[in-house]
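Trainee: Chains B and C: place on chain A using the hints.
Protein chains in written order, with our numbering: chain A, 246 to 524; chain B, 68 to 375; chain C, 307 to 438.
Hints were generated in silico from the structure; no laboratory data involved. C-beta atoms are modelled at their ideal positions from N, C-alpha and C, and glycine is treated no differently. Just to be clear, a hint being listed does not mean it is correct.
Just the calculated beta-carbon pair ranges, DEER-fashion [what the hints assert, rightly or not]:
no.: 1; chain 1: C; residue 1: Leu412; chain 2: B; residue 2: Pro309; range: 16 to 22 Å
no.: 2; chain 1: C; residue 1: Glu398; chain 2: B; residue 2: Gln328; range: 30 to 36 Å
no.: 3; chain 1: C; residue 1: Glu422; chain 2: B; residue 2: Leu354; range: 21 to 27 Å
no.: 4; chain 1: B; residue 1: Ser91; chain 2: C; residue 2: Glu365; range: 44 to 50 Å
no.: 5; chain 1: C; residue 1: Ala341; chain 2: B; residue 2: Thr209; range: 42 to 48 Å
no.: 6; chain 1: B; residue 1: Arg367; chain 2: A; residue 2: Leu369; range: 45 to 51 Å
no.: 7; chain 1: C; residue 1: Gly370; chain 2: B; residue 2: Asp353; range: 35 to 41 Å
no.: 8; chain 1: B; residue 1: Arg367; chain 2: C; residue 2: Asp431; range: 41 to 47 Å
no.: 9; chain 1: B; residue 1: Asp353; chain 2: C; residue 2: Arg375; range: 49 to 55 Å
no.: 10; chain 1: C; residue 1: Ala341; chain 2: B; residue 2: Leu269; range: 31 to 37 Å
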Amino acid sequence: MEQRSNPAPKLSDVFRAQVGLLMEKPWGKSSFFYGIILLQGVLSASAGVFIGFSIEFEAGEDAIYSMPQVTDLGLEPGPAAIFVTFLLMVVWATAWPGRVWRGGTAGSTDYFESLPVSWSAHQLVRLSAGGLVLSALCLLLLTVTTVTAALFGHGAPLAEFPLSAWLCYLTGPLLTYLFLSAFPMRGRRVWSYLGIAIGLSILSWSLLNFAGVGDPVNRIARQLLVGEVGFITALADPILRTNLAFSWPARPWMPALLLWSALAAATVAWTSTRGRRQT
Amino acid sequence: MMDGFLQSLEGSPLAVRTTGLSKSFGAKKALRGLDLAVPEGSVYVLVGPNGAGKTTSLRILLDLVKADSGTSEVLGGATGSEGAWVRAQIGYVPDIHDFGYPELAVGSFLRHHRSYFPAWDETYALRLLSEFDISTEDTFGTLSKGQARRVQLVQAMAHRPPLLLLDEPTDGLDPLARDHLLGLLADHLAGTPTTVLLSTHLVHEVEGLGDHLGVLRGGRLVAQLPRTTLHLGLHHLRATIPEGWQSPPRLLEAAIVCQTQKRDISWTVWGDSEELQAQLSASGADLRHWEALNLEAATRAFLSMKER
Amino acid sequence: MIITIQPADPRPIYLQIMDEVRRALVVGTLLPEDALPSVRQLAAELRVNPNTVQQAYRELEREGVVTKRRGLGTFAASIQMGEKERQMMARELAQRMLREAYRQGLSAQELLAALEAVASDRREDSSEEDEA
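Here chain A stands alone, though its shape is the one from the complex:
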């Protein structure tokens, strides 16, 4: 028999294919879906604006973990809108590995591993494709929020955000996604990777804690690392909790935030579940 040798694909093509897969339906074809994302952006922005009107933060040193740059700038309506958007992005980032790895079902794992790319290169390519699409989404949300805030007349403080702050809003969700990806990536060879990742995270976190807290560079680094973890610890902070507490009668921003939460939960469920099958 004539001996043929089929070529292996270029990694750039594989990257494009993975981005394409993530942009597929429901992203690609349903304008309804785009509508919901935009609506979420608008809702989060307006909720943020109203939060800014109705509560005041006594932000202490602890709260700097909670949200990149927000405490430095004070919670005026514009920045508050960005804060809520950041929360949304973190929720997205938490669910995003599920979309990229499809929960690692036996069928999909088998399929992707049977493709002619080395296992580690493939995982890396899939990881970065997911990161790219997630960042694009976050950028979209940030843009919508900024524009909404500007329309409400609260754009001025946002114009003063340093570039590093904007970068933090993008890297925060990205790091959340990268870290959580270790779980769906688990498989016959991944537990070792996961161990290394956890070890390194704990090590660098403690190093940063011992380093000077007041140093702005360190602060940014800490915010980068502990994005969503910091949010949880900040919720434990009594001052912050009092300020965020859902007291009755409802504050004017609450319906918007509740609707946003419901929509976010629905979209996350929609995109990351495996969906129904016909028998």
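Mentor: Showing chains B and C alone in chain A's frame:
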């Protein structure tokens, strides 16, 4: 005397070669020293009962599973260290048909899949799809099991790989769909030089396609040989024996399956036809029936023979 | 010409295909100079390995039953099916009948006697019909 029915097939160029492949899942031994040899250009039918290790063998060739010990090569490349190259040479139809993207349209999926195979032949893929009566607009969630299987076959064949690994390709298909699928497979083989390693537990379905047979039992091959050799060497005999008949030792040695009832014997024997028939006649038995076995009957015989 | 095979038949498939082609020539569904189906066509139609069809065609060519023309395909040879081919077919059939007879515990003589008896019955039947 001819070779045994467990041949190493050395001498012919091999598309797949494994030596001493072993694999356990916990306490369960899936493979126990598998020496698979698939000659280039052949259609090798790997047959055995469910759980005999067929799927595990194929998965090791794709490096989806790592063997505990032993080596495996595809077209000269080691499946572990040269996994990516090896997989580029393979079209694979797995035993699972659900790959977790129910909302994806067939067209979108094939567009994605084709990025991984520079040798992809789009015209051929579209022709196969239309022959299978599948629209590119259909989403995976709405495909029946049989349709999903056919899409898998398209994705495996459209880049014209030198090796096709088909794990129970006719599983879950109705008779008409199965027949159609086998026809397209035969057509593909005529148009593209390909080695096929096909696992099944329903060997009669691929009776016409297989030209090599491997019988797997309990994680080990009990038989491996070309079909032509099988035809020459394996026979079923019926004979009437006199009272107190003693089998000639050579014949007893050649017997794989022995059924004896009073004066009637029904044996399956392996060996030189003329020699064995002469032995039988010389012993005083009256030979009534001597016939070669088809793949299915041969498989049954190999699976029911006693351990040697 | 219609070619059918029995996958369950223990006879090698290429022999079955060869028999079918010979039979078609004898009964006249395949005429001299007629084109045979291409290897690919026949393989896809019978769901058999193309190598098997190729082997059958090769053997038939060696026997002079078909001829291959480069780039055109395989054609039935221009010779008429003669007495020799008919004899070969009869022989093949006789072998199969004898095998079956042995399996049933019948001897060749018994089979021959029965064959003659059945054939003469038939002759009588058909002559009666003619008279009626």
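Trainee: Please go over all the hints and tell whether each is borne out by the structure.
Mentor: Here is how each hint holds up against the structure:
no., hint, verdict
1, C:Leu412 x B:Pro309: 16 to 22 Å, "19 Å, holds"
2, C:Glu398 x B:Gln328: 30 to 36 Å, "32 Å, holds"
3, C:Glu422 x B:Leu354: 21 to 27 Å, "25 Å, holds"
4, B:Ser91 x C:Glu365: 44 to 50 Å, "48 Å, holds"
5, C:Ala341 x B:Thr209: 42 to 48 Å, "43 Å, holds"
6, B:Arg367 x A:Leu369: 45 to 51 Å, "49 Å, holds"
7, C:Gly370 x B:Asp353: 35 to 41 Å, "40 Å, holds"
8, B:Arg367 x C:Asp431: 41 to 47 Å, "43 Å, holds"
9, B:Asp353 x C:Arg375: 49 to 55 Å, "51 Å, holds"
10, C:Ala341 x B:Leu269: 31 to 37 Å, "35 Å, holds"
Of the hints listed earlier, there is not a single one the structure fails to meet.
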